[in-house]
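I would like the entire structure built from these sequences, with the hints used as guidance.
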Amino acid sequence: MNRNSFTGPGHDDRDQHCDLDDLALLAMGEEVDLDTEHLAACGQCRSEAASLRRVVRTMRTVSPADSPNAPPANVWTAIQQQMASDTSSDQETGDAAVLATVIPLRSRKAPWIALAAVVGLFFGGIVGASVISTETVAPSLVAQAALEPLPGFTTSGTAQVEQTDAGEMLAVDLTGLPPAEDGYFEVWLITSESDSMISLGAVGAGGSTRLPIPQGLALDRYSMVDVSAERFDGDATHSTISVVRGTLDT
Amino acid sequence: MSEPFRPAPLPLSPVDPPAAKTDADQEITERFVASVNGDPHISANDVFAEVYRRWSPLVFSVARRAMNDENEAGEVTQRVFISAWRSRQGFNPTAGSLPGWLLGITRRRIADRWSERKHPTSDTTDSVPEHTGDLGPHDPRVDQVIDQVVLADELDRLGPPPSDILRLAFFEDLTHGEIAERLSLPLGTVKSHIRRSLVRLRTRLEVARDEP
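Heads up: the sequence lines are chains U and Z, in that order. Okay, so the first sequence: first residue is 789 according to our numbering, each after it adds one. Okay, so the second sequence: first residue is 75 according to our numbering, each after it adds one.
Incorrect hints may have been included.
[Stated by the list, open to error] Derived DEER-like restraints, expressed as beta-carbon distance ranges:
1. Ala-108(Z) - Glu-825(U): 46 to 54 Å
2. Pro-966(U) - Glu-280(Z): 47 to 55 Å
3. Glu-280(Z) - Thr-963(U): 49 to 57 Å
4. Thr-849(U) - Ser-117(Z): 35 to 43 Å
5. Gly-262(Z) - Glu-936(U): 54 to 62 Å
6. Glu-280(Z) - Gly-817(U): 20 to 28 Å
7. Gly-994(U) - Gly-233(Z): 52 to 60 Å
[To be verified] Residues from chain U that keep clear of chain Z, each with C-beta distances beyond 10 Å, as calculated:
8. Arg-834
9. Trp-864
10. Pro-937
11. Gln-948
12. Asp-970
13. Gly-995
These are computed hints drawn from the structure, not numbers from a lab. We treat Cβ as the ideally placed atom computed from N, Cα and C, and that holds for glycine.
Here it is, written out as structure tokens:
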């Protein structure tokens, strides 16, 4: 159904509608050889040309820089957090509450990122040196992250990737965990693009755990350590309630 | 035991084939409506993540242009999607489109931010004077920004060759004859791509303005 002009009753060869491609070129401001007499008389062709011209006029104000970009990843994290806390408190709220509870995105974590970069450089150097000079003896630190509380929590802690004889392990130490009511806390590694995640296991009593990292997992991709609050509900997926998060300085 | 590995319902960059774009938007809308209506086979969170993935770049980019500040645009985007999540029961697909609804919320959240700038509760004095005057949700400047971002989005999503053809036409001011020569395409092909793309851009503008 590739229409090249309007069709309909009441038109013979002498009263042919304008070619639609030509009307589009006309709207683009090009010089087109078309039946101007018909165009002047035909409301259908005129309105088509006019509506395309409006599109062209707006397009002329568009610049390549107007291409939409995705918002930073922390925007979605904050939205998910709010969705999760809405679900858990199970109450409908209005716009006023949205304004009141919105999580400020400005300047969060910025000082830590700078520090992490410095620490990363420092340990990167040490690890590089130690890998060369020692055959596997004691666990060596491969990467680490400070775990910072997500809104609604006051838990914090550290995560460290250690190279051991048994492969890489993730050691998580948390302080200030809330009491786990009918549930537990689970450790995840999430990609920096947040498009994939892997569960490593549960946090033990006292907030510490040491979990094997599957061999072959690309830690530079799965660089975000996340600890979630889970219920004993048989659902193996992430509850979307994250307690702490931090990015490994891989 | 937990499953060891699974994809998460979190934002990815769009990779849909260009031809399926409109259908894909329609499909997301239908799933969103089904999840709101309590379809037990659809996870409301997963669908909302899809909605976010598809339309958050539009919302964010409109907000960035309106606020002229990345951080504030992030906050507006956050507010828009939290508002959308909380009022999702109120979306009526027969009264308007899903992007139209989201962009309607975007207008209101931008208007909120602008009025907060005018009546700051805390110390937010940087870069205020640009937006003064009486600014409601239907400020024509926001309308214009929305139109521009919607068109730029669709231009990206047209895919080659139509996107290349339109870019040459609009950003380099070439005639269809010059474009045909540049891309070694038949004149008729270029002409019909121009028409079909303009029609699609027109549809996009209509959908975006279709606020319930």
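Does 35 to 43 Å hold as the CB distance between Thr-849(U) and Ser-117(Z), or does it fail? With a Cβ separation near 40 Å, Thr-849(U) and Ser-117(Z) satisfy 35 to 43 Å, so the hint holds.
Exclusion check [Trp-864(U) not at the chain Z interface, CB over 10 Å]: violated, 5 Å
Quick check: does the Cβ-Cβ distance between Gly-994(U) and Gly-233(Z) fall within 52 to 60 Å? holds, 55 Å
Should the label of Gln-948(U) as a non-interface residue stand, given a Cβ cut-off of 10 Å to chain Z? Gln-948(U) clear of chain Z: closest Cβ-Cβ about 22 Å, beyond 10 Å.
Does the no-contact call for Pro-937(U) survive, Cβ to all of chain Z over 10 Å? Per Cβ check, Pro-937(U) is outside 10 Å of chain Z; nearest 18 Å; holds.
Using the C-beta atoms of Ala-108(Z) and Glu-825(U), is the stated range 46 to 54 Å upheld? holds, 52 Å
Measuring from beta carbon to beta carbon, are Pro-966(U) and Glu-280(Z) in 47 to 55 Å? Holds - the Cβ-Cβ distance for Pro-966(U) and Glu-280(Z), about 50 Å, lies within 47 to 55 Å.
Was Gly-995(U) rightly flagged as not at the interface, with every chain Z Cβ beyond 10 Å? holds, 19 Å
Assessment of proposed distance window 54 to 62 Å (beta carbons of Gly-262(Z), Glu-936(U)): Because 60 Å falls inside the window, the suggested range holds.
If I take the minimum Cβ distance from Asp-970(U) to any residue of chain Z, is it greater than 10 Å? holds, 17 Å
Measuring Cβ to Cβ, find out whether Arg-834(U) lies farther than 10 Å from everything in chain Z. holds, 15 Å
Given a hinted range of 20 to 28 Å, is it respected by the beta-carbon distance of Glu-280(Z) and Gly-817(U)? 22 Å Cβ-Cβ, so the 20 to 28 Å window holds.
Hint 9 from the list above is the single one not met by this structure.
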